[in-house]
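Student: Read off the chains here:
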Amino acid sequence: MTNNASTKNVNEELLAAILDRLIPAIDDVPSAGNMGLTTEIVRLSGQQARFQGIFKNAMEIFESTNSEFVLLDSEAQVTAIRKFESNEPDLFSSLLTISYIVYYKDARVHKRIGWSGRTPQPEGNPMEPWDDSILETQREREPFWRKV
Amino acid sequence: MTIRNESSNETVDIVVIGAGASGGAATAWLAESGFKVKCLEQGYWQDSSKYASASEDYEFEMLTNWAPDPNVRQRAEDYPVNDSNSPVTPVMFNGVGGSTILWTAHTPRFHPSDFRVKTLDGVADDWPISYDELEEFYDLNDEVMGCSGINGDPANPPRSPRQMPPLPIGNDGKKLISGFEKLGWHWWPSDSYINSQRYGEGRDACNFCGHNHMGCYQRAKSSTDITYWPRALRSGATIETGARVRRIIIDDSGRATGADYIDSKGNEQHQKARAVIMAANGIGTPRLLLNSTSDSYPTGLANSSGLVGKNLMFHPFAMISGTFPEKMDTWQGPLGNIGLSQEFYETDKRRGFVRGYTYQFQRSLGPAWIANGGFRNPVPWGEGHHEELRKRLGSVMAMAVIGEDLPEEHNMVDLDPELTDSDGIPAPRLNYTLSKNSRDQLDHAIENAKKALKAAGAEDIFVDPMMRQSGWHLMGTARMGNDPEKSVVDKWGQSHDVDNLFVIDGSVFVTGAAVNPTPTIQALALRTADYIVEHRQDLKG
Chain A
1 MTNNASTKNV
11 NEELLAAILD
21 RLIPAIDDVP
31 SAGNMGLTTE
41 IVRLSGQQAR
51 FQGIFKNAME
61 IFESTNSEFV
71 LLDSEAQVTA
81 IRKFESNEPD
91 LFSSLLTISY
101 IVYYKDARVH
111 KRIGWSGRTP
121 QPEGNPMEPW
131 DDSILETQRE
141 REPFWRKV
Chain B
1 MTIRNESSNE
11 TVDIVVIGAG
21 ASGGAATAWL
31 AESGFKVKCL
41 EQGYWQDSSK
51 YASASEDYEF
61 EMLTNWAPDP
71 NVRQRAEDYP
81 VNDSNSPVTP
91 VMFNGVGGST
101 ILWTAHTPRF
111 HPSDFRVKTL
121 DGVADDWPIS
131 YDELEEFYDL
141 NDEVMGCSGI
151 NGDPANPPRS
161 PRQMPPLPIG
171 NDGKKLISGF
181 EKLGWHWWPS
191 DSYINSQRYG
201 EGRDACNFCG
211 HNHMGCYQRA
221 KSSTDITYWP
231 RALRSGATIE
241 TGARVRRIII
251 DDSGRATGAD
261 YIDSKGNEQH
271 QKARAVIMAA
281 NGIGTPRLLL
291 NSTSDSYPTG
301 LANSSGLVGK
311 NLMFHPFAMI
321 SGTFPEKMDT
331 WQGPLGNIGL
341 SQEFYETDKR
351 RGFVRGYTYQ
361 FQRSLGPAWI
371 ANGGFRNPVP
381 WGEGHHEELR
391 KRLGSVMAMA
401 VIGEDLPEEH
411 NMVDLDPELT
421 DSDGIPAPRL
431 NYTLSKNSRD
441 QLDHAIENAK
451 KALKAAGAED
461 IFVDPMMRQS
471 GWHLMGTARM
481 GNDPEKSVVD
491 KWGQSHDVDN
501 LFVIDGSVFV
511 TGAAVNPTPT
521 IQALALRTAD
531 YIVEHRQDLK
541 G
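Line order of the protein sequences matches chains A and B. In terms of our numbering, the first sequence has 26 at position 26, counting the first letter as 1, and numbering is strictly consecutive. In terms of our numbering, the second sequence has 488 at position 488, counting the first letter as 1, and numbering is strictly consecutive.
Hints are computed from structural coordinates only; laboratory data are not their basis.
Below, a list of computed lysine to aspartate or glutamate pairs in the EDC-like style, where the Cα atoms sit at most 20 Å apart:
1. Lys272/B / Glu240/B
2. Lys147/A / Asp126/B
3. Lys175/B / Asp131/A
4. Lys105/A / Glu61/B
5. Lys450/B / Asp464/B
6. Lys111/A / Glu388/B
7. Lys105/A / Asp57/B
8. Lys182/B / Glu136/A
9. Lys147/A / Asp348/B
10. Lys105/A / Asp27/A
11. Lys391/B / Asp27/A
From a predicted model like this one, the values you see are computed outputs, not experimental measurements.
Here chain A stands alone, though its shape is the one from the complex (with noise of 0.2 Å):
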């Protein structure tokens, strides 16, 4: 299933400066493109196959309709991006999907958020006990069952 040697090649300044436009600084967490997620990025995408050549597949076309995409100030790469997006959305929502994922595992995003960072498991979350009080309506209501 893994294989990032294929993802070598992938353009991570021009992943970086993608980055910066679909998620932005804000408080004291820098855009993400500036936050050094790209190589990241590139090994997680590579922890599957298909998922691998897709978005292998959305930077080899973005790239090739943006050559100068790092040059362009914001704006014109905000439309360039939302072209993308409009052309190929199965390609984009690749490329935004591993984006958002990768930024939110990071613990300076954890910290601004409040979020844990922990994974789901072995820890786990706590839960107040089952209350029966709260049906205390619904017992009330007579049996509407369809009998056969």
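Guided by the hints, dock chain B onto chain A, whose structure is given.
Tutor: Quick look at chain B alone, frame taken from chain A:
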């Protein structure tokens, strides 16, 4: 490598194809009753300590290697499904435990009326059995799988006590429920095959991680690999994993003699058996029957009615979500096991459609899941991203609509003329369109869901009128009935055409009701196994 090997296989009483919800249940019952049973499963055992919910990459894994859609997951043991002519994609898992590995374990029962839709509403067909005939098997299955829930639901008939109290409702659940209370509508805590306390062999209580739909690390969610299979193996049943069945073999007299399969090393094998039980789900079973052509059965095995693969039913899901102003830690607790509403379950013809629907209440997960949309569109990128993420995280609750989808012959599984799995076996192809009755149900449910969400205080409501990746419930493709011209198997799951061939998965459903089907699938599997024990001792060697 294609070495056909028969010598290592002795004849077993029964070969079961598929080790999931139904295959596990039937194998355990038959083995405990002294039958020599072997199961062929194309997937493998799962190690719960390696489930992705404990991985740093769990949010990526959820969308890729642990995705419920086999066309997305694309593991070696999966087979492709051509779903280009279906608005609903199939969702399943191949492995010991089958789709119970990834299910939400939401386990309501059919209603008595669900078995009598022709008599009551003049649509589809009645089942050849009644709720009362199935009830004892529902109870037996609950005991093995372990049900958390509580008696007293006015929308359902009285029944035996559950094994455990309900799972906690949570602050998020209470919020959603408040809408139903204000409207005077029914709701009830979910029946779930998830431990609310320790139950079963080595199975802990749920620790509310929120991600058991990727396999339950805690072994609190019931799946047949940790419930039925240990019992089956202790009783002498055997299972071969990585075994992909190519076809069922028939002798000159028209009786099943076993199955040809490809083992995990790529060798062609044949398993001899006195009877065959199909438990490969509502897509896998018709696929295999249609692939099992012979001179005696040129259109596929057990297909004299022409109905193998026909009458495919899903439960097309609409999903209606709302964003609440409160922060409610919505990632705490099982994703889909808060409660349900069956206010609109039974037919009321004033609504403009027959039959009805269930609402299944849903939580939402963490920031990456929320950013990527969850049950709605992704959080917009660019300016405004952070504000929208802030609004949604911990505040989105949803209601899934499970509507009763009636059988129609043009909705079907057949064989794709070109697509194959990695062993060259023809893959299934879906042809499915949503009926007007089902669409009208969903539209009615959407409007009422909006009312409930607003009554609960939701501010931003989003409607997905029909989720594409929602084909969990695969039903109807080898339906049961008394008339061999109008059904594939009889009321015991025994083929009308081949008296030692049985079907026990969702394929046998006559209609689909408006609830998650697995407890009914398992109850039917146990009932078929019981029939074999009581009436088919001739199948014992």
